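Engineer: The primary structure of each chain is shown beneath.
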Amino acid sequence: MRAGDLRRALRDALLVGALLWIAVTAAFVRDRNKDATQRALRHAQAAAELVAIGDTPPTPTAAAAIVGAPVASKEHGFLRRRVAHTPTGERALGGPTAPAVDKLLYDAAGRYDKDGPFVAMLTDGSERAVAAVATARGPAIAITAGPEPRAPVPWLAVLGHLGLMLVLVGVGAVLGGRARGVGVALGLATWAFPAYFAGGPGLALAMLAVAAAAGWAHATGATDRAIASVRAHKVALSFLAPAGVAMIVLVVVPFAVGLALGFYDHHHGRWTFVGLANFKRILTGDGHALSDPLNFWFILGVTLAWTFVNVMLHVLFGTLFALILRQPWLKARGLWRVLLIVPWAVPNYITALIWKGMFAGEYGAVNSILSGLGLDRVSWFSSWATAFSANVATNTWLGFPFMMVVALGALESIPKELEEAAEVDGASSWQRFKEITLPHLKPALGPAIVLGSIWTFNMFNVIALVSGGKPGGSTDILVTDAYRWAFERGEQYGMAAALGTIIFLLLLGWTLIGRGLTKGDEEARP
Amino acid sequence: GRSDAAVTVWHAYDKDERVAIEALAADWNAANPERKVELVAMPYDGFGDKLGSAIPNGNGPDLFLYSQDRLGDWTAAGVLEPIEFWIDDATAARYTPEALASLAYHDALWGLPVAVKSLALYVRTDLVPTPPRTTDELLAMAPALTARGVFALAYPVDDLYAHAPWLHGFGGRAMDGDTPTIATAEAVAAAGFARELVQRKVVPAEADAALTATLFAEGKAAMAISGPWFIADIPAGVPYTITTLPTVSATGLAAAPYLGTEGILMSARARDKDAAIAVALAFTSDAAAALRAERAGQVVPNPAAYRGALADAPRLAAFRRQLAHTVPMPVSPAMRAVWTPYKNALGQVVSGAASPAAALEKAATDIANYARTEGAR
Amino acid sequence: MCEVRLTGISKRYEGAKGGRATIERLDLTFPSGELVVMIGPSGCGKSTTLRIVAGLEEPTTGSVWIDGKDVTALPPAQRDLAMVFQSYALYPHMTVFENLAFALRIRRAPEAEITERVTTVAEALGLSALLERRPKALSGGQRQRVAIGRAVVRKPKVFLFDEPLSNLDAKLRGEMRREIARIHKDAGTTSLYVTHDQIEAMTLADRIVVLRDGDVQQIGSPLEIYQRPANRFVAGFFGTPTMNFLSAAVEGAGGGRKARGLGFAVPVPAPAELGGEVVLGIRPEDVSLEPGGDRVALPGAVTLREVLGAEVVLHVTSPAGDVTVRAPAQTPARAGDAVTVYLDPSALHWFDAQSQVRAA
Amino acid sequence: MCEVRLTGISKRYEGAKGGRATIERLDLTFPSGELVVMIGPSGCGKSTTLRIVAGLEEPTTGSVWIDGKDVTALPPAQRDLAMVFQSYALYPHMTVFENLAFALRIRRAPEAEITERVTTVAEALGLSALLERRPKALSGGQRQRVAIGRAVVRKPKVFLFDEPLSNLDAKLRGEMRREIARIHKDAGTTSLYVTHDQIEAMTLADRIVVLRDGDVQQIGSPLEIYQRPANRFVAGFFGTPTMNFLSAAVEGAGGGRKARGLGFAVPVPAPAELGGEVVLGIRPEDVSLEPGGDRVALPGAVTLREVLGAEVVLHVTSPAGDVTVRAPAQTPARAGDAVTVYLDPSALHWFDAQSQVRAA
Amino acid sequence: MSVRRPKLPIVVGVHALLAIATMAVLYPVMLVVKKAFEPGRQFALSPSPIPKRVTLEHFRALLSARGSHGELAFLQHTISSLAVAIATTVVGIALSCTAAYALSRFRFPGRKAALTSFLVVQMFPASLLMIPLYVLLHELGLLNSLSGLVLVYSTTAIPFCVWTLKGYFDSLPRELFEAARVDGAGPIRIFWTIVLPLARPGIAVTALFSFMTAWNEFILASTFLTDEGKYTLPVMLKSSVGQFSADWGQFAAGALLTSLPVMALFYVVQKYLVGGLTAGAVKG
Ligand SMILES: Nc1ncnc2c1ncn2[C@@H]1O[C@H](COP(=O)(O)OP(=O)(O)OP(=O)(O)O)[C@@H](O)[C@H]1O
Ligand SMILES: Nc1ncnc2c1ncn2[C@@H]1O[C@H](COP(=O)(O)OP(=O)(O)OP(=O)(O)O)[C@@H](O)[C@H]1O
Ligand SMILES: [Mg+2]
Ligand SMILES: [Mg+2]
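The listed protein sequences correspond, in order, to chains A, B, C, D and E. First residue of the first sequence? That's 1 in my numbering, and the numbers climb one at a time after it. First residue of the second sequence? That's 527 in my numbering, and the numbers climb one at a time after it. First residue of the third sequence? That's 904 in my numbering, and the numbers climb one at a time after it. First residue of the fourth sequence? That's 1264 in my numbering, and the numbers climb one at a time after it. First residue of the fifth sequence? That's 1624 in my numbering, and the numbers climb one at a time after it.
It is worth saying that the hints were derived from the structure and are not from the lab. One thing to keep in mind: the hints can contain errors.
To be verified - Calculated lysine to aspartate or glutamate pairs in the EDC-like style (CA-CA distance at most 20 Å, straight line):
id, chain 1, residue 1, chain 2, residue 2
1, C, Lys-1074, D, Glu-1320
2, A, Lys-234, D, Asp-1476
3, D, Lys-1399, C, Glu-960
4, D, Lys-1399, A, Glu-148
5, E, Lys-1657, B, Glu-560
6, A, Lys-442, E, Asp-1850
7, A, Lys-34, A, Glu-148
8, D, Lys-1420, D, Glu-1320
9, B, Lys-562, E, Asp-1850
10, A, Lys-74, B, Glu-887
These figures come from a predicted structure and were not determined experimentally.
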């Protein structure tokens, strides 16, 4: 009994301890880097101050000088020369063969002119610091020579903490009862000390909180239950794990970043936290009237119509073709099938443009046919309805083969027997389709429809390539609008991300509804 | 693989331009075996965005070729290295001042000019023996052509870049420094002119760049407004000439297209900046420029390059003449918010859905609205 | 009111390489309003025949006639028949109620009528409590009853039953059997019924068709089949326990001919034109352990005693071969006992040893 | 060599809202090496019990013990048993050979041994010609035989048979039954066998368990079950045709007590402590149309005559209720005839009318 | 499905309708074909799908184009593309089959949540995920590597594949799994010998989908790859589209060549779209 207690206590402590160790290490590394940076900055500052009073800067310093004001060239105002004054003399900065370090002085002087005295790290990744202090003749500038040395990893302290932790946990476990949880908590709490030194009181408090939570979880058996649950389902979880890990790494992180950006404003390369302002701006229509194609709600309406119509047509045509293409008596089935997926196979960048060409006013194939039929030519992209239809036609053409393939596959998983039974029961082909085929298509087509509507909702290419939002942006959908925020309205990435978040929430809602609708399916399976 | 010692240059050149720049790189590599240049061709689509994400992460090139229109964003984001430090007046004198100046922004120089691009007038000599000198002449010759089922002129009417010659010809500008100037009287007049062109069937309403090329190639358009790249689109056997754009009769000003300058720009994270500037200088030397002009037909901004056969190569000459009537493409980041609203406005105007004034007013409001960022509140 | 006729039907399954066809030139008539039971060994083609009648399999050759009309080319839906599938083929996505109602819904019967008929049928089949369940939540027997219900809920021209009662307990099976008989009678429908159960065959059938490897062996009333099997196969196939067969050779001539086997001899009945080798068949109930009348004695030893409750079945080895005896439950003979079994000569079935065909 | 024990097993299916559990606190022991037959009405929980033993269903409460070890938490693969599924569950993408070989392959038996055992089993089951076929190209009976073969091809600790012979013809069924008996004997395995066939139950079982709604009604040897059914349910369930039941009331006292029903009266046997209302059960074979001994007469009329070949079953209505009579084939009575049936009082089963439990 | 073939006029009619529909569907592609074989860079005005003059010039130019190191560019990019697409298919299918199996056949806490979260990750517009994804790959050291692309593509394909495969796995009769368990098969063997063979149509569909995800993708490939030698086909194709004008002839030729492997793949894959795989398995 005791041995088991001890083992479980140590297991829990190590489980959480490993996490804490990562946190403390990260804090330590950060602290060490910060420390090195501080020293480099102090070094640069000191050197610059020495140069300012005419002393030689201490070694190692890469460059130090008092840099004079710029003198613009007569022909080109933007070509400006500066002179560097050093104790050994003065020299002009610049020219086709000037040494690289002179450029650092030159750039630092430019920055001084703009921002005044400063001390900062260079941004070229060399971990050098640069400082500029004011003198009468211009800024005194010093640049350090290289990275500052770092403090060594305190291995002894780490091991000591580990030992202390284990001892505390062990004692708790041996005492038994309440003491076990307390032991775990106390043992983990020892991490608060290194955390305090590396990351400050905030981190230390966090560590204490985690320690308390872990102790509590241990005492109440929550960890035991969690571990038991993982054990009980280890087969399922290990089958799920590869895909799960890949998804978490590659999707969740960027996804979280994307969500977070919605709370920032991006302006000329700078990010500012603005809370919900972006969302407010979008949802209130950004000052556009509701009937204005730039109003969020207008675009949302277009997007919904777009998604609904497209998915419906995809499913309709896809299923229709699939139903025909699976008939065993059809000659050359394989050939038809291949021919009909061609729209999917050919890169859509070019076919979308072909479609755009087909809808061209004067010379497009569609209008040729219309006039051949004695109908009026239509200027497709000058009214919303026709431009929207052109987009839909293109996207339907592009998208139905996918649904067709899905439906072809799904149709094949329907037991033949059931259709036989229905036939004997007197069902006509249509009734068989409705009563037998369709319900069996649902489980396979359902996800395809949900995913298909997500994709269509976010279908950027077709809109961009065919109507390009014409007329007047009225056929834009939410993603193209987001794209415009990011790239056509002054790189307002924050707005784009906020719009992305809204899109996400809309789709999430739709999926939950959609899943609710198809909930019975799992039970209907054999 | 890319050796660390090499200077990496990214470009989106294809065909002749690519051949020409590869020749330059080969020359450089032969002369500087210890500091080679490595060229990487990128598709133009997404090139700019890729630079924007690659360079700050340290995965970008040392140098790259790009036009000046994103300078504003990139300098603000710290993507670019200013290079005026290395450039003295002697070096600067290689280039036409306008071209060099278009790569300057906020009192610094951000690249060396490689080629300049502007629109000019392409004329099918079989359909139009004498090119129109004014817009009135243009309008006058249209009915005869229309009667034969031929548009007098084709260009993407709703595209601000293609519309700019009229805008400037009417005395308007899209930008004043960092401020968009959209709904000015001149702009309204220019938009009205565009509408007139369409309504009088001088110009097709829906032509984009590709359709313009097709119409011109098939003789359905007698003239086209396009840039140097258009030459490649004209099939062999089509008789044509290139000339400057006509003068706007209403104002007497020459129709002035935007002048775009393609520069060789340096990444802020370039590993060996001394080597990089040397390569940039070599690729824009007079000799290099002459080679590019010759092999790829680039309109190069090095006056000294036009010697010998190049001096009066007819195509280059036409564009060089047009250069005298151009407006530098605005560099301000604010310009990037102008294109789409302007396009929407022009679309509305030419289709008759809105009056020029109303459409441009709306565009102006939209643009101003976008510029209102939360950070600036 | 509707005769079903098969003319020249052959069926060769695709992919069944080489070998013979499953059914070879089958001609069969199922008279209108009759319930015809088809029996035969496993795999002899009973289900195939039903599926051909239903239109689910296309015959390789031959035609199917229903009600005097050639329906070979008609799809099942237009043949107006109902079928209980051997494998049930319930609709997994529907509840029991919906399964039962399906055929009626298809015919756009009024909702009230549907409810009424489904409820009646469910009541009769003991499914009332299960109407809201899906098939996967039913036991095997319950599924089978749903399958039956799905067929009998409507009134088609022809019923096809493919071993409809195989998974039911004896008691329920008896009830269901009577229910089916009633429905068949009431509707006056022609029914084709496949079963392996002798009681079902005997009690339900107007007529029994015995199949073997796709060939008809005998058609007749149940009693005919039982009492005058047309050949050794039918004799051995129908009846539980199965008939005993003893080889013998006919000796002598005229009225005094005798068939002599190992350890026994029986007189040959008068009209039988037999000669040479014969096979004598005798049902276990016609063998007894008591002498009496003109019974023929055959010495042997009990090898196995199977108690069936009301009676016992004794397996006896004799020089002439193994003999099964059906005897009253009180019979004392145990395995190992030496016994003499007595054959009733009047109950003997005579088959020609060569052709296996009934001779008398 | 391996006892199977169920202790306190309950099973309530998820989603079966309200109602009672399918199995409620079941305690059952299947002794080592015995073949125990489970019978019971459709839906009473036989398959569920087998599935719980197999580990395919988790019991809601209770434990399963195999060989003295609690295996409740063990997955099926670790319980070392073989099962014939009521629905066959053949691997559709494997040939018959592969289906039969699957379990052996999993156990990494040498290929030669696999071939040998599969061939032997296929031979015994009459599947030799079908080894290369896929299940979908088999008839119902053939599929069922593959399902049997898949179980008997290996030698597990426990066999579970869920109605393994239901789709086979009588002849084959007899052969298979003997084959299963042989395999069971040879391997000395404990077997649980579900069937609806009385002959199978009587001949195969070492012990029969009668279930009803998940409750054990009686456990005993086949003869016990047949001859001394523990209650009216067992009496009525087991035996074909089913037992006749007549209501009566006990009158008088002491040795001269009589049970009087409508139209008849029988003496109450000595030790029976009966009073008030009783139900008398009598099997159809104990009813006769001939008077004799101390038989009790009951007047009636024949409503239905079912000819079963060797014998006839007469359904007779009498004032006391319907009586089924099993009579020799020669019996002349036809439907509509008035007859007197005679009950053998010594063959009567006495049940308390209230509790339905056997009294004598 | 009726086992019988309908009457001849219906058969002929269906074939005729199908032919007409297919022709209509193929018309835009015919225009691409036309451009690929017609001289010149620009599309012709005529809506006829038949080229006036035929040339193989575009194909020749495309196939003989050489990269910066003199290698045959088209060949090299085809190889990268194939490598990426095949690897994506294999990785995607492997990951999603296992996940779908877990989600279909096991009940464990968090199952529903896992199912939904596979969908959730598709909902954020991809173009906005690009920059974070770029940074992530940078941190993982997978920029400018084909394996990085494979990783991104297969995770993009996983949600659809998981959901689709789960649907197929769900439709397999439960008894088969039970029989296999009783026969002594463990979860892995059941997965391998029962589930996979019976879900062939599902695997075929998802394989095609995964392949397509990787095969025609342009934006990520062009953003993440900085080494011309590693470019995939779409990146090369897009190079013929410049800032101002495009060589549509070459682009069309390239697009056609690009789509051939997809069609070949589908021709192979559609053979697995067969029904009745579970026929005869269970009764009931
Ligand atoms: N998945 C399920 N959900 C709910 N109820 C079920 C489920 N499976 C079986 N049942 C019910 O449990 C009871 C017992 O079923 P079980 O299959 O054990 O019957 P059985 O004795 O084998 O019957 P049969 O002889 O008809 O095969 C039945 O009433 C059945 O309806
Ligand atoms: N799809 C098929 N392909 C090839 N052979 C088949 C196919 N279906 C059935 N068979 C064969 O045809 C024969 C007849 O099958 P059928 O199902 O009609 O038998 P059955 O008389 O119903 O037998 P059971 O009593 O076992 O159900 C069998 O030998 C069977 O193996
Ligand atoms: Mg059958
Ligand atoms: Mg059962």
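Engineer: Each hint: holds or not?
Structural biologist: Hint check results:
| no. | hint | result |
| --- | --- | --- |
| 1 | C:Lys-1074 with D:Glu-1320 | violated, 28 Å |
| 2 | A:Lys-234 with D:Asp-1476 | violated, 36 Å |
| 3 | D:Lys-1399 with C:Glu-960 | holds, 14 Å |
| 4 | D:Lys-1399 with A:Glu-148 | violated, 77 Å |
| 5 | E:Lys-1657 with B:Glu-560 | violated, 49 Å |
| 6 | A:Lys-442 with E:Asp-1850 | violated, 45 Å |
| 7 | A:Lys-34 with A:Glu-148 | holds, 11 Å |
| 8 | D:Lys-1420 with D:Glu-1320 | holds, 19 Å |
| 9 | B:Lys-562 with E:Asp-1850 | holds, 16 Å |
| 10 | A:Lys-74 with B:Glu-887 | violated, 41 Å |
Hints 1, 2, 4, 5, 6 and 10 from the earlier list are contradicted by this structure; the remaining hints agree with it.
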